[in-house]
Each structure stands twice: as C-alpha cells, then as structure tokens.
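Residues per chain are reported as follows:
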Amino acid sequence: AHTVLYITGLQFVLKLTPHTPAASPSVPGQEDIQAAMPVEELDPSHYPATRAAKVAEHFINTRYGSPFAWFGSSGVKKAGLEDMGVLGTKYHIEFTLKEMTRNQDMGLCSAEVLFHRADERKPPQVQCTCSGAFQVNTSAEEEDLYQRLRNATSLLSGSDIPNSVGHIDPEMAPFWHLGGVASSFIMLRESNESTLLNMAHIDNFTQMETKDAQLMFQYDILLHDMVSQEILKWKLLLSWSPDGGVKVLEAEWDPKCQAIPTSSILY
Amino acid sequence: MSYLPANYKNVQCTPVCKQRQHAKSNKTRTSFCHACFVTHGILIFCRLIKGHEARNYDYTIYHPLAEISTWMGQMVSENPDVVTLVDYGSTYENRTISLLKIGLKSDVTKKAVWMDCGIHAREWISPAFCQYFVKEILRTYKTDSKVEELLKNLDFYITPVLNVDGYLYTWKDNTTRLWRKTRSPGTDGCDCIGTDLNRNFEANWGMVGVSQNCCSNVYPGFKALSEAEARSVVDFVEPRKNDIVCFFTIHSYGQLILFPYGHPNVTAPNYNELAEISQAAAKAIKAVHGMTYTVGSFAEALYPAAGSSMDWARLIGIPFAFTFELRDEGSFELPENQILPTCEETYAGVHSVITYVHNKIFYSAAITASATLWTTLSSSLLYFTLLYFT
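Taken in order, these protein sequences are the chains called A and B.
Per the working numbering: the first sequence = residues 33 to 299.
Per the working numbering: the second sequence = residues 22 to 411.
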C-alpha cells in the first residue's frame, strides 16, 4: 500500500502585471540586487544551477510570456549557493536568456532563487533582472489574435499539440505558448531543488464562453519532471487578453495519471 | 521491356513508387522507389537511382519499427562486405533485438565501438540518430580515408532500437507516445507495467535515482537484470568487454554529454580524460549548428542515478563510456525538421570521441615505438660523434 498525494479543487487567481510593450527592461518592482557574496560557488553546468535557472525561466514566462513570446535559458554562466539557514537555500545565478519563438538572444539575466525548506511546501521565491533590451513587442499579434477570437462565430479548440512527430500547426502555435505561460505558473509553484519541470504536451484545449473582455480556455496539459521522469497531468482554466495578460483561474492535478508519490524516489 | 540509350545512368524512366501516408504527420512520402537498371540496353528490373543511394530511405522523418527492421536488412544487402545483421536477444514480448555490425573484414579480432539507441521508448530522436550514423559511415568510408581507417581498425555494433516493445508501444496512439519503460508486468502485487531499462543494470543497482514502486518511471525492476532487454546487452557486451573500447548510449532530451558515473559517490579513474573528451565533443557539436551541449558526469550534470547501462559498461572495464542526451531542452516530441540538424551535430560529437579513442589506441603505441627508435638513433649518433672526436 502506498499513500497518494493529490490536490483537488484548487483555486487561485494570480494577477499578472499588465504587459505593456514600452515596459522598462527590468522587472517592475525589483530593487537592485546586491552582489551578495555566495557562500559556495557552484559549477554552472551541474544540476543544482540548471534547476535554479529553470525556475527563473518559469518566473520570467509568468511575467513576460505570451501567445507570441516564450523564454528559455540558453546556459548558466555563473552560479552560487547561499545557505539561508531556516529560510532555505538561495541560488544566485547568471544565465543567458533567449526568446525561443524568434530564436532571439535576450542577453544576460541575474536571478536569486530561494527554495524554502522542503517540509514547508512553499513555492520558490524568485527575483530576477535582465540586462539589455528586454523588449519583445508582441502587442500587434496579440491584438490581432484577440480580435479574431472575439469575433469568431464558434469557439476554438485543439488537441494533441505537438503531435507525435513534434509538429505544431502554425495556427495552433499561439495556444501552445499560451498553455506554456499558464503552465509556468504551475511549474513555478511546484518546483523545488529536486525537480526540473517542462511542459511536454497539450492533450487538448477548449475555448470557453465568456461575457467579459477576457478570453477563457480549459487546457489539459502534460508536464514532464526530468528528475522523477514522471508525466504530470494538469487541468487548467485560464483567462487571457492583451491587456489582462494570462491568469490561471483553476488548476487541478489529475492523480489517476500519476499514482506514485514522488517522495518514494531515492535521491 | 524497353530499350534505353547507352548513357542510361540516371535516366528518368517512370519510377514505380509506393506512396505511403505517414500516420502521424499526414505527410505523403515515398518508400521503396523502383527505377531503371539496365544491362546491354535491355531493361531488366527497376531500382531507384538517386546519386549513389539505391533506396530512397528518408532520414529526416521518424520511422515505425517495421520500417527500421526493413532498413536494417537493406543496409546489409547494400553493403554486404561491411555490414552484418546480428540478432542478439529478445524482449519481454518476444521480439528480436538486433544490431548492425559494421566494419571492414579482418583476420584478427578487432577492437569495437558499441552504440545503443532507443533504450527509452519515447526518445524518438535516438533511433533516428543511430540510423543516420550508420548511413553516414557507410556513405563516406569509401571516399573519406579517416572513416575508412576507423572501419578498418574498429567494428561498430549499432543497435537502432533496444527497447523494441516500448518503442512499438509509443507508436500506438497519442496517449502512449510518452511511454519510457519496458512493457514487462509488475510483480509482487504491484499493478503497473514496465521497468526503467536504464536503472536495471548491475551497477550499484537500486541505490539512488530510483523508486521501488513499480508504477514509477524510474522503477529499476524487481532485481538487477530482471529485464530481457538488459540481459541481451550484457550477454553480448560482456564476452567482448576486452575488445569494446567505446560505449555510447543515446537518449533525449537535454543536450548533455555525460560520462560515468551516475552514482554520486563513485568517480571514474579516468574522470579527467572523460571530461576532456566530452568537452571536445561539445565543441565539435557547437561548430555544426551553434547548439550548446552541457558536459559533466551523469551524477553531477543530470541527477544521481544507479543501474545505468553506461555505469555498468565502465564498471566492467570499458574505458570510454558516454551518455548523449540529444535535442531539445524541453520535449520528447522533437519536430521532424530538427532531425537532420540534430543528427549532423551529434555525428560530429560522436565522431570526435571515436577519433580520439581510435588514435589513442592505434597511434600512441606507434608514437611510443618511434620515440624509442629516435632516442636510440640519437644516442647512437652521439656515441659515434664522440668516438669520432676522441
């Protein structure tokens, strides 16, 4: 017999700072990150650094991701570990950022990722600043997509994205990225020092009826955790508009598809 | 029958081609094209002539198991002096596991290179690479003297799909695409199917990076070598361990070049050399399409994990063992338009490793011999010079 972890009926609303094309390069509300002396220098190619960078990636996508912008780290340059005692462990990382839909180099980012103590089950806390012109102007495409969906006579849906051979229809690509942004909220929250999460697949998504300005979608998403190698099935209800950004309204993990507690893994 | 002009090579007679609609991508592609083969001006039968490639196998798409099996047969029939098909084991569902042995014939036992692809079912780019690798060495060994030398001095044992049952299962429908393990049943009342083949080898089996719950994707099996597929590898490699100098196991995703060990408390005696070789391979990869592959020991760069095939290979004494994690950095469903660039860069990386290992074995012995000769010569010269002047 084994205990099964599951979260049911979880509801939360995450407010995203409105995405403005003329936004300043730095993340709004961040104070200058002091060049804190890390207690221990880490090899940037080793997994503690790369896992921290992945968390920073999720953070950036929740802030700046959109149906037309998707960010990833293209390599950790420097990493340090600061033991925060009862608070947890803080990683200081410098990594290069790429906007992946255009294969565009976005320069260097500096992040602090605080993993709380495992028993506290709190999501990691991230602070991040990116140098260089951190501007991806997607407002025209977003507005275009938004108007098309609002004026459409039927509700849109899609499935099996990408398909088995990795193909994504060009019309479906914005919904792949939208799913990715929404997933980033979940992946950010679910990350710890023993995870490396990516969105693996969209089983299906359906546009829902709405009366207000926000478009609403139901997504069935598969996440992949590299460390446990598990596929995690999540159901997400999300809203989106160019002005409102992406909000995850409801998120539910489907435990039927993953009956093993990750705590059973010997690390 | 029809008569053709004297210059019949590459002439367009009407090829009879089987069109096949690809089940997943809906792409229509041609398999088994027949064209004209003529002798004495008489049309005898048809084979496609496209440059020097007799059969038009598409290396830029993913192939189901049946096509890979047919392709393996073609590689043998098209290159009978250098390619042999070896059936060396079977899977849980009783399917044959086969490899292609590639090398110029020799009277003496040769050193060898092992490469397995598709240990994890969902990593489709891996079997695609093995096929590309075979194609590439066969295409170039007659004209590239370096490749010819490799095939002269080494035998290559290439397994395009090791986890045959799992690979077949991932082709079933879009709900099975992300299967990883074998298809053997759970034991001891545990209800789930499959063992992680890359945790099933006798290399600190079960110690770390595993879950003893058989539903886990890192379930190492109820005991080491519980899986027929793993035993097949061991039964082939173990007797040849003194000849196998290089062991590659190809995976995805992650863009990593990993070397032993996966167990965090074990360090390979040639750690530094393995790191150097891996760095050089990463550099070779980057030179092709600019992609960054991270280098490190398995335990340091990816995660601690015991029971991998690479760890086992190193432990039994194969000096150079590597795990390659190919493109991309987030998905098992790598788009088909990335197959070719991925294969090209991986080939450069693998080639760089093989060349290093080959030269170390076949040249440094020569270097030592000639150094000795030179030392002898120069000291003799000095002696006679001294004699002359005294």
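If you are wondering where the hints come from, they were derived from the structure by calculation, not from laboratory data.
Be a bit skeptical, because a hint or two may be false.
Unchecked claim - In silico lysine to any residue, SDA-like type, Cα no more than 25 Å apart, as pairs:
id : chain 1 : residue 1 : chain 2 : residue 2
1  : B       : K193      : A       : L140
2  : A       : K265      : B       : C213
3  : B       : K304      : A       : L140
4  : A       : K267      : B       : T196
5  : A       : K109      : B       : Y153
6  : B       : K156      : B       : Q276
As the list claims (entries may be wrong) - The following residues of chain B were derived to be distant from chain A, with all beta-carbon distances above 10 Å:
id : residue
7  : K167
8  : T191
9  : E259
10 : A289
11 : E350
12 : E357
Backbone N, C-alpha and C define an ideal beta-carbon position, used for all residues, glycine too.
Okay, the hints, checked on the actual structure:
For the hint linking B/K193 to A/L140, the alpha-carbon distance of about 43 Å lies beyond 25 Å, and the restraint is violated. This hinted pair checks out: A/K265 and B/C213 have alpha carbons roughly 17 Å apart, not beyond 25 Å. A C-alpha spacing of about 22 Å is found between B/K304 and A/L140, which places the hinted pair at or below 25 Å, so the restraint holds. Straight-line distance between C-alpha atoms of A/K267 and B/T196 comes to about 16 Å, which keeps the hinted pair within the 25 Å bound.
For the hint linking A/K109 to B/Y153, the alpha-carbon distance of about 33 Å lies beyond 25 Å, and the restraint is violated. Distance restraint check for B/K156 and B/Q276: the Cα-Cα separation of roughly 22 Å lies within the 25 Å cut-off, and the hinted pair is therefore satisfied. Non-interface status of B/K167 relative to chain A is upheld: no Cβ of that chain comes within 10 Å, the nearest being about 30 Å off. The Cβ of B/T191 sits about 8 Å from the closest Cβ of chain A, inside the 10 Å cut-off, so the non-interface label is violated.
At roughly 27 Å, the least C-beta separation between B/E259 and chain A is larger than 10 Å, which holds for a residue marked as non-interface. Taking the minimum C-beta to C-beta distance to chain A, about 16 Å, the non-interface status of B/A289 holds against the 10 Å cut. Remark: the non-interface label on B/E350 conflicts with the geometry, its nearest Cβ contact in chain A lying 7 Å away (cut-off 10 Å). The claim that B/E357 lies off the interface is violated: its Cβ sits roughly 5 Å from the closest Cβ of chain A, which falls inside the 10 Å cut-off.
Violation of the numbered hints given earlier is confined to hints 1, 5, 8, 11, 12; the remaining hints are satisfied by the structure.
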